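Sequence order for the protein chains is A and B. Each residue of the first sequence is one higher than the one before, starting from 22 at the first, in the numbering used here. Each residue of the second sequence is one higher than the one before, starting from 97 at the first, in the numbering used here.
For the record, the hints were derived by calculation from the structure and aren't laboratory data. Quick caveat: nothing in here was measured; it's all calculated off a predicted structure.
Okay, derived cross-link-like pairs now, EDC-like style, lysine to aspartate or glutamate, Cα gap no bigger than 20 Å in a straight line:
| id | chain 1 | residue 1 | chain 2 | residue 2 |
| --- | --- | --- | --- | --- |
| 1 | B | Lys181 | B | Glu263 |
| 2 | B | Lys181 | A | Glu125 |
| 3 | B | Lys181 | A | Asp126 |
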Amino acid sequence: MSTGPLAASPPTAAGNAAIEVRGLARSFGEVRALDGVDLEVRTGTVLGLLGPNGAGKTTLVRVLTTLLLPDAGNATVAGLDVVRDAPELRARIGLAGQYAAVDEDLTGRENLTMVGRLYGLRRAEARRRATELLERFDLAGAADRVTSTYSGGMRRRLDLAAALVARPQVVFLDEPTTGLDPRSRLALWETIEGLVAEGTTVLLTTQYLDEADRLADLIAVIDHGRVIAQGTADELKDRVGGERLVVGLEAGADPVAAAAVLAPLVVEEPAVRGLVVEAPVRTRAGAIAQAVRLLTDAGIGIDDVELRRPTLDDVFLALTGHAAQDEDDPGAEVQMAKPRARRSPQRRAGRSRRRPREES
Amino acid sequence: MRRAVSDTLVLAERNLVRLPRRPELLLAFTVQPIMFVLLFRYVFGGAIRTGGLPYAEFLIPGIVVQNIAFGGFVTALGLNDDVHKGLIDRFRSLPMARSAVLAGRTLADLLTNLLSIGVLVGTGLVIGFSFNAPAWRVLAGVALLLEIGFAFSWVFAFVGLVASTPESANSVGFIAIFPLTFISSAFVPVQTMPAALRAFAQINPFTAFVDAMRALWVGAPAGDHVWASVAWAAGIVAVFAPAAVARYRRASGG
Numbered sequence: 022m023s024t025g026p027l028a029a030s031p032p033t034a035a036g037n038a039a040i041e042v043r044g045l046a047r048s049f050g051e052v053r054a055l056d057g058v059d060l061e062v063r064t065g066t067v068l069g070l071l072g073p074n075g076a077g078k079t080t081l082v083r084v085l086t087t088l089l090l091p092d093a094g095n096a097t098v099a100g101l102d103v104v105r106d107a108p109e110l111r112a113r114i115g116l117a118g119q120y121a122a123v124d125e126d127l128t129g130r131e132n133l134t135m136v137g138r139l140y141g142l143r144r145a146e147a148r149r150r151a152t153e154l155l156e157r158f159d160l161a162g163a164a165d166r167v168t169s170t171y172s173g174g175m176r177r178r179l180d181l182a183a184a185l186v187a188r189p190q191v192v193f194l195d196e197p198t199t200g201l202d203p204r205s206r207l208a209l210w211e212t213i214e215g216l217v218a219e220g221t222t223v224l225l226t227t228q229y230l231d232e233a234d235r236l237a238d239l240i241a242v243i244d245h246g247r248v249i250a251q252g253t254a255d256e257l258k259d260r261v262g263g264e265r266l267v268v269g270l271e272a273g274a275d276p277v278a279a280a281a282v283l284a285p286l287v288v289e290e291p292a293v294r295g296l297v298v299e300a301p302v303r304t305r306a307g308a309i310a311q312a313v314r315l316l317t318d319a320g321i322g323i324d325d326v327e328l329r330r331p332t333l334d335d336v337f338l339a340l341t342g343h344a345a346q347d348e349d350d351p352g353a354e355v356q357m358a359k360p361r362a363r364r365s366p367q368r369r370a371g372r373s374r375r376r377p378r379e380e381s
Numbered sequence: 097m098r099r100a101v102s103d104t105l106v107l108a109e110r111n112l113v114r115l116p117r118r119p120e121l122l123l124a125f126t127v128q129p130i131m132f133v134l135l136f137r138y139v140f141g142g143a144i145r146t147g148g149l150p151y152a153e154f155l156i157p158g159i160v161v162q163n164i165a166f167g168g169f170v171t172a173l174g175l176n177d178d179v180h181k182g183l184i185d186r187f188r189s190l191p192m193a194r195s196a197v198l199a200g201r202t203l204a205d206l207l208t209n210l211l212s213i214g215v216l217v218g219t220g221l222v223i224g225f226s227f228n229a230p231a232w233r234v235l236a237g238v239a240l241l242l243e244i245g246f247a248f249s250w251v252f253a254f255v256g257l258v259a260s261t262p263e264s265a266n267s268v269g270f271i272a273i274f275p276l277t278f279i280s281s282a283f284v285p286v287q288t289m290p291a292a293l294r295a296f297a298q299i300n301p302f303t304a305f306v307d308a309m310r311a312l313w314v315g316a317p318a319g320d321h322v323w324a325s326v327a328w329a330a331g332i333v334a335v336f337a338p339a340a341v342a343r344y345r346r347a348s349g350g
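Here chain A stands alone, though its shape is the one from the complex (with noise of 0.2 Å):
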């Protein structure tokens, strides 16, 4: 792997850690966006940073990535402290951001060879990457279009291949597929597979856990500028329970009645909220075919059944026992970069479309 002209030998962190970090805390005024934040990221894996607007996702990057400095504790990323030695560190990270930092009046090409001219290649090395990379993210044929004629997921994509110019370690995406429709949304976790096969260190912060799911080797959940629990995508679900069974009743039907009635299904007591039914089902295969069953024996009307996947909102629930709460990121509020509205991704089908808002 080349590194940056910087570097003789790349110092290799102790442990292997390509990311390190103890007690990091930052706060805006009353704020406090990092509250003593532990991590540590191995080299060659992908940690997925899972928690709701306002966890303080966007600041431990922006910490990590040199871009803010930290009020109390320590990180080192690659071996080099991001405070310290903050001016090598920037030539071995890549950032790819929420905000697809492209310029929207210069060409793909244009952008990736300033970038790379910006890392300190010469220009006919940062064209001939600029090459590589748009043939690499499929944007070959709109090289040589002014950005603004994008769609979401060109510019995305294009964004993340100006956080790869430099081939660098360790690479931090911030909420990457946040706001693109689910084609582009899969497109672009093909291709963060293929960065993740290559040995790149990862950091990736999303709402969602079933990106979190696919994509991490590892998941840290973060709330409230703390990390509440960490654990494999397995690990994680098996506290909150692994896809859920949603049962609608008919009015006049008695829920607690359906609720003892599914028991046999499911791991743990069924929520009651109104007329609805949910818990966590023991397997899925004739899940929903044993509840009609169960349910049609007893009498008990039904207005509609599901299975669903679980959301952020049910690992929230699970880890703190409180729903995940959206808040204005304290972070995202300093750097002044506010993001015009983006369209909500419509994700999958299914009822439960209580997400938290775009990051913006």
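Given chain A, put chain B in place with the hints provided.
The following block gives chain B in isolation, referenced to the frame of chain A:
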């Protein structure tokens, strides 16, 4: 240092490449100054007594200074846009010189300012302006204009980073600089103004700038206007360049 220069050139190139793709900006550099020249020469000019100089010769040095002071507005708009779109974050996360984003802007402004000086002087020559000075003085005038333009680019860089939106960056620049250029010797002799305005006009750096240009281009008495102008412009850079760079360093909270 070598790095700072090459990064600055990369960003200056970026700013210049974008310019023709924003026709509205290009119009601001070309058509707007021509309109101003025509307006003052033919609408107001007949009523203005300059005490000696033909109005075309009085006007062009004044309007060229006004125009150069506004030349940096592209920097204010562009920087503000960069902050909002997250490009500043990208730049700050790169291993590049901290000063390059701003220096690249002000360097690009130098070239666009040269373009607008050319357009204005060309228009001036058509409406009856002529240089009444040796070539070296004309060139010294161009150099002074570029220095003034450079100074105001830093003012606009600061404004662009401080302002919350491109619109407010634009209006702050406009509200601050527009009266300064009018309450000066740019368009009328200051002797015709009421006492309070005249007192202000006489200490206004724009009066020094304009009088210096008249000395260099049409042979008006030079006095110490040229050196006063050089000092004013250098002073503006000395104040606003560090202020803008400091603001840039924490443009996104860092």
